Structures are given as C-alpha cells and as structure tokens.
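Asker: Start from the sequences and build out the full structure, keeping to the hints where you can.
For the record, the sequence lines run as chains A and B. Mapping the first sequence onto the working numbering, position 25 (from 1) lands on 25, and the numbers just tick up by one. Mapping the second sequence onto the working numbering, position 280 (from 1) lands on 280, and the numbers just tick up by one.
I should point out that these hints are in silico values taken from the structure, not numbers from a laboratory. Note that the coordinates shown come from a computational prediction; the quantities given were computed from them, not determined experimentally. A couple of the hints might just be wrong.
Unchecked claim - Here are a few chain A residues that face chain B, going by a calculated C-beta distance under 7 Å: (1) E158; (2) S160; (3) S187; (4) D190; (5) V191; (6) S192; (7) A195; (8) Q196; (9) N199; (10) L258; (11) V262; (12) R274; (13) V276; (14) L277; (15) D280; (16) V310.
Claimed, not checked - Now the in silico label distances, taken between C-beta atoms and shown as ranges: (17) B:A286 x A:R12: 18 to 28 Å; (18) A:F155 x B:S306: 31 to 41 Å; (19) A:E158 x B:G74: 41 to 51 Å; (20) A:R112 x B:D281: 20 to 30 Å; (21) A:R112 x B:R245: 42 to 52 Å; (22) B:R205 x A:A329: 32 to 42 Å; (23) B:R204 x A:G278: 16 to 26 Å; (24) B:D281 x A:R12: 24 to 34 Å.
Glycine included, every Cβ here is placed at the ideal spot set by N, Cα and C.
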Amino acid sequence: MTEDGPLLLEARGLVKVYPLRRGAFGAAVGRVRAVDGVSLGVARGETLGLVGESGSGKSTTGRLLLRLEEPTAGEIRFEGEDWLALSGRALAKKRREIQIIFQDPQSSLNPRMTAGDQIAEPLRVQRLARGRQLRERVAALLSEVGLPPAAAGRFPAEFSGGQRQRIAIARALATRPKFLVCDEPVSALDVSVAAQVVNLLADLREKMSLAGLFISHDLAVVSRVADRVAVMYCGRIVEEGRTDELLREPLHPYTVALLSAVALPLGSGEAVRRIVLGGDLPSPASPPAGCAFHPRCPIARPRCREETPVLTQIRQGHAAACFFPGEFAAGPR
Amino acid sequence: MNRSPLLSIRDLKVELPHAGRWFPAVNGVSVDLQRGEALAVAGESGCGKTLLGRALMNLLPETARLSGSFFWEGRDLREASEKEWERIRGRHIAMLFQEPGAALDPVQRIGDQIAEVIRLHRTVSAGEARRLAVERLREVSFPDPESGVEEYPHRLSGGQKQRALLAVALAADPELLIADEPTTALDATVAAEVMELLSRLRERRGLALLLISHDLGLVARESVRALILYAGRVIEEAPTAEIFRSPRHPYTRGLLRSMPLLDPQARPGRRFDTIGGAVPDLFERAEGVCAFAPRCPERFEPCERSLPPLFETAGVQVRCFLYEGAGKGGTG
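Answerer: Given below as structure tokens:
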C-alpha cells in the first residue's frame with residue numbers, strides 16, 4: 001500500500017455478501033462473503049495486479065470498483081471523491097473515467113453491431129463526439145489498437161479472438177479513461193496472440209499514462225504488466241508487494257505454491273519443484289475457521305486454525321496475512 | 001528400439017468439408033508411442049491437436065474424413081468395427097477430457113459410472129463392480145470414497161470432478177490415456193495436484209500418456225517427447241527437454257519466447273517477444289508451401305516455393321528449410 005502521494009483510486013474494507021439461495025423458490029439459506037475486507041490503492045499511472053484462483057473474489061473486487069455491483073460495506077474514493085456517494089448524472093459523467101475489459105470479447109461485444117458502432121457507442125451516449133468528428137475518433141482508436149480503418153465496418157464474427165479483444169480495448173479507451181480494469185483479458189487467447197495483447201496494453205498504458213487493475217489467475221502474465229501484485233485467497237488479500245520482490249521472495253505459503261505451479265525457467269528445460277497442496281479450494285460459502293488457507297497449508301499450526309491473520313507489513317511495501325511469513329520456501333531449483 | 005510400439009500413427013489425415021471441398025485439419029501426422037511413454041502434442045488453436053486425439057479414439061465428428069493409418073500393437077485400428085471399438089475404448093485407450101463437468105453423466109452417480117466401465121470389460125457381479133469403484137476412487141485420492149460413489153457430478157468441485165473422471169477413464173486398466181487439455185478448466189494449484197496424481201498412477205501402472213495441450217508449461221513437466229503442430233502438420237518432434245533447451249523451428253522459438261514465463265527480474269512494462277499475425281484459418285491455408293512462412297522472421301526464398309519435409313538433425317525432426325542438409329547423421 002502506497003502511503004505517499006494522493007492515490008487515484010483507493011478502496012478501504014470492501015465487503016460483498018451474496019445471499020446463498022437453494023431450491024425452487026430461491027430461499028436464502030446462507031450468505032457468501034465473496035469479498036471480505038479488501039483494501040487497496042492505485043496511484044496515477046500505476047497498475048496493480050490482482051491474482052487469485054476461482055472463488056478468490058478477484059473479479060467481484062473489480063466489479064465493485066466499477067460499481068457494476070454495490071459493495072455491502074467499505075468505501076471507495078476516486079480522485080479523492082467518495083465514489084460510492086455519486087449518483088445520477090454525476091455518476092454517469094464520472095463513469096467514463098473508469099472502464100473495464102473482460103475475458104471473453106465474444107460475449108462482451110454485440111454480434112449485431114459493427115466494430116465501429118460499438119467503439120462509437122460510449123462516445124455517442126456520453127455526447128462526446130458526433131458526425132465526422134466521431135468517425136475520425138473511431139478511426140484513431142482503431143489505429144491505436146493496431147486495427148485498420150476498414151475494420152470499423154465489420155462485425156465481431158469476422159474477427160479473430162485477438163482482434164475482438166483489440167476492439168473491446170478500443171471501446172474501453174474511447175472515453176479516455178484514467179483507470180482501466182482488465183478482468184482476465186488474455187485468458188481466452190492463444191499464447192502468441194495473448195502476448196501481442198499484453199504488449200498492446202503495456203504500450204497504451206505508457207502512452208495514455210493509464211492506471212489500472214489487472215485481474216488474472218496467471219501470475220506469469222501479471223508479472224509482465226503490474227507494478228505491484230496483490231494475491232487473493234477466499235475473499236481476502238493474503239499478500240501484497242512490489243512485483244519483483246513478491247516473485248523473488250514470496251512471504252505467504254499460498255503465494256509460494258502458486259508460483260511453483262506456474263514457474264518454468266526458460267532454457268534449462270528443468271521445471272521448478274512443484275509444491276502440491278492437499279485438498280480443494282475452499283468455498284467462500286463455508287470458509288475454514290481461522291486462516292482460510294490452513295487446511296491446505298504445509299506449515300499450518302494450531303494458532304492458524306483459531307485466529308485469522310490480518311494483512312501486516314513485513315518489509316517496506318511488502319505485506320502478508322500469515323503468522324509465519326517467509327517461513328515456507330520453494331525447494332532448490 | 002526393437003520392441004514394436006504401442007501405438008504407431010502413419011500419415012494420418014483428418015479432413016473437414018467446406019464449400020464443396022475437403023480441407024486437411026490434420027495433415028499427414030506420423031509418430032510412434034512406446035509402452036509407458038509420455039508424448040505431448042502441443043500447438044495453438046486450429047493446429048489440429050484435438051481432432052488428432054479424437055481420431056485415435058474413433059470419435060471424429062461425422063462430417064470428418066479420415067485417411068492414413070494407426071496401429072495398436074501392430075494391428076491397424078482403421079479396420080476395427082464400431083463394435084470392436086467399444087472393446088478398445090476404455091480397455092486399451094481411454095480419454096480424459098478438458099471439461100470434466102461435460103464428460104461425466106450428470107444423472108448417474110459417480111460409482112455407477114465407474115462400475116459401468118468395469119462391467120463393460122470384465123464379467124463381475126454388481127456388488128464386486130461397486131467394490132472396485134470404491135477402490136478406483138481411493139486410487140485417485142478422492143476424499144471419502146465410500147460415500148463418494150454415491151455422489152452426483154454436480155455436487156463435486158472442479159478438482160473432484162477431474163479426479164472422478166480420471167477414475168472412470170482408468171476403470172478398465174487401459175494402456176494409453178489420451179488427455180486433451182486436462183487442466184485447462186482447473187485452477188493452478190488444483191491442476192498441479194491432478195497432474196501429480198496422474199504421474200503417480202502412470203508410474204504404478206506403466207500407463208502411456210498422449211498429452212494434448214496448448215500449455216507449454218504443462219508439456220515441459222509431463223512429457224518426455226513432444227510434437228509441435230502448426231496448421232495440421234508436425235513442424236518439430238524432439239525430446240521435450242531438447243525443445244525447451246534449444247527449440248529449432250522458428251515457430252517453436254517464437255512460441256517459447258511469447259510464453260508468459262515468470263521472471264523475477266521482470267520490470268513492469270517489459271514487452272513479450274511476439275510472433276506477428278495468427279494461425280491461418282483452415283479454409284485459407286496455402287498448400288505446397290510452408291504454412292508458417294507468412295509469419296516467419298527467417299523465411300527465405302524456398303519457403304514460399306515448396307513444402308519443407310521433416311529434416312533430421314541430432315535426433316530432432318524439424319520441418320524447416322533452415323535445417324536442409326544440416327547434420328543428417330543424428331541418432332534416430
């Protein structure tokens with residue numbers, strides 16, 4: 001967590017609880033704390049990577065920041081303003097500054113609208129451009145994401161997956177946002193295409209000094225785009241730090257296991273010893289008592305079953321929610 | 001090697017119809033798989049890897065046309081009837097699919113699905129089949145197998161489903177498991193667990209593995225030899241460690257460079273090396289030339305004139321003119 005300088009976006013104690021419904025009439029039989037007290041801050045021009053597996057709450061956190069869903073508790077400030085207090089026209093106006101792209105451009109794009117019309121739509125709705133100016137803006141956006149002007153007249157089905165994601169990016173950038181949430185933007189793409197899209201996002205980020213949240217299950221991809229990384233497990237951030245430091249010296253045993261599951265040094269042909277955790281991911285509907293990771297943790301002790309560790313700064317700018325940070329390390333390579 | 005291979009694929013071709021013509025999605029693949037060996041078939045979408053796997057299970061879509069041959073312990077399976085295939089599938093060759101949710105029968109208990117496969121291939125009583133089903137679930141480290149056999153698939157987590165599916169696939173003791181993207185639908189830590197389990201089972205049973213995947217990290221860990229496919233053709237075949245140590249084909253090299261590897265020295269904003277363009281669409285592929293040439297940074301005149309054959313250099317097969325005449329004397 002950056003303490004110095006005003007943050008572009010700051011969230012404190014975010015909580016999102018969903019009712020758990022069962023049966024034909026959908027009676028609420030319990031509650032799921034999908035996000036359970038998440039605090040994060042992103043400075044101007046900075047990218048925070050949010051990493052986690054299914055059910056970790058990473059996507060819900062992204063949706064809360066956009067107010068695609070309202071948090072149950074917590075606060076969000078955008079440029080110092082209370083972002084949750086905005087409503088009506090003030091909210092609509094501010095919305096253009098925070099945009100999102102999703103994993104599957106196939107389903108986030110309208111199949112019956114041309115690429116040009118989809119990119120123009122937010123500009124039209126927000127009355128930012130019209131007529132010739134609008135057409136020129138669309139052409140400029142297409143060129144920015146590496147597509148030819150002729151792409152404007154074509155429909156999503158005529159594009160490849162990578163090109164569709166470029167269209168979704170152009171649409172998200174149409175209103176010149178200051179903050180971009182990318183929710184698994186390359187997970188549906190082939191390796192060589194994914195690399196192109198990640199590079200494009202990095203280019204755009206520099207050119208437009210765009211800040212953002214990069215949500216992914218893939219630590220390797222995140223390591224290329226994020227200045228800092230936050231690792232989520234079962235609704236909470238369990239570790240946060242500068243990307244290089246977190247990769248070199250992970251403090252939380254979950255981060256260590258996650259790293260060992262993806263790490264593959266190029267050239268040696270030798271894979272890092274894989275740490276195999278027992279058991280499945282916990283369900284946020286019935287999180288384990290104490291530290292949610294303890295049933296799978298290789299170094300769990302009695303205390304971990306009883307108390308819940310809070311995210312604590314262990315080193316400068318590197319925090320972990322673990323009673324025994326840094327104790328568990330990957331074996332020799 | 002003197003032993004005859006478990007599976008021997010020769011010039012296998014799978015063609016799909018489009019606008020009155022046939023287009024080869026798998027184009028003349030030849031490879032041998034030894035008993036107990038782990039071979040990977042790697043490539044991006046559209047390279048033909050999934051159709052290749054389905055052809056080997058005789059599970060191609062009806063519109064597809066198959067030619068070439070594949071031999072199981074010397075016998076050409078192209079000549080097997082559907083009735084014989086029912087005996088082959090499960091007993092000799094089994095398949096593990098990407099989406100365990102879709103591959104399990106939603107209205108049948110896990111135990112019944114395992115017992116069904118056992119009884120298809122062995123004459124055992126219902127009670128004995130059930131006892132074996134519990135055994136199978138125990139073997140895949142399914143939590144509480146006695147009550148696990150009573151569960152329906154929808155009650156299981158993704159990792160448990162993949163374990164259950166593995167128990168179904170291995171129920172009749174097959175000799176070859178074809179795993180098509182077995183971990184793509186799983187989270188990283190769960191995938192690590194499933195693959196660890198699979199390698200333990202393989203060791204114990206001497207099970208051969210044909211791993212079909214786009215995930216080069218998985219290929220590096222789980223296979224001993226690998227084929228890289230591009231636009232339906234084998235473009236490189238080598239020991240897996242060799243592919244990662246010293247990739248030969250420009251496509252393989254590009255693919256490895258664009259892989260999102262963890263890099264502790266990574267500074268944010270450091271760009272990936274990329275291959276320009278994308279895999280050509282099946283119906284728009286140029287024949288008789290190198291399919292990768294339009295994207296290749298090293299293409300030269302012969303690439304656009306004819307199709308490179310597989311050249312052999314030091315035990316590596318590579319379909320690229322850069323290796324023409326290079327070190328023919330490799331071991332085979």
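Asker: All hints are to be evaluated individually against the structure, with a verdict given for each.
Answerer: These are the hints, each one checked on the structure:
1. E158: violated (11 Å)
2. S160: This interface hint holds because 5 Å falls under the 7 Å limit.
3. S187: violated (10 Å)
4. D190: holds (4 Å)
5. V191: holds (6 Å)
6. S192: It holds, given that the least Cβ distance between S192 of chain A and chain B is near 5 Å, below 7 Å.
7. A195: A195 of chain A check passes; min Cβ-Cβ to chain B is 4 Å, inside 7 Å.
8. Q196: Constraint on Q196 of chain A satisfied, holds at 5 Å.
9. N199: holds (5 Å)
10. L258: Nearest chain B Cβ about 6 Å off; hint holds.
11. V262: At 6 Å from the nearest chain B Cβ, V262 of chain A passes the 7 Å test, so the hint holds.
12. R274: For R274 of chain A, the interface hint holds, since the closest Cβ of chain B sits about 5 Å away, which is under 7 Å.
13. V276: holds (5 Å)
14. L277: Constraint on L277 of chain A satisfied, holds at 5 Å.
15. D280: Hint holds; D280 of chain A Cβ to chain B Cβ min 5 Å, cut 7 Å.
16. V310: violated (23 Å)
17. B:A286 x A:R12: 18 to 28 Å: Given a distance of about 58 Å, which is not inside 18 to 28 Å, the answer is violated.
18. A:F155 x B:S306: 31 to 41 Å: holds (37 Å)
19. A:E158 x B:G74: 41 to 51 Å: holds (48 Å)
20. A:R112 x B:D281: 20 to 30 Å: holds (23 Å)
21. A:R112 x B:R245: 42 to 52 Å: This hint holds: roughly 50 Å between Cβ atoms.
22. B:R205 x A:A329: 32 to 42 Å: holds (34 Å)
23. B:R204 x A:G278: 16 to 26 Å: holds (19 Å)
24. B:D281 x A:R12: 24 to 34 Å: Cβ of D281 of chain B to Cβ of R12 of chain A: about 49 Å, so the range 24 to 34 Å is violated.
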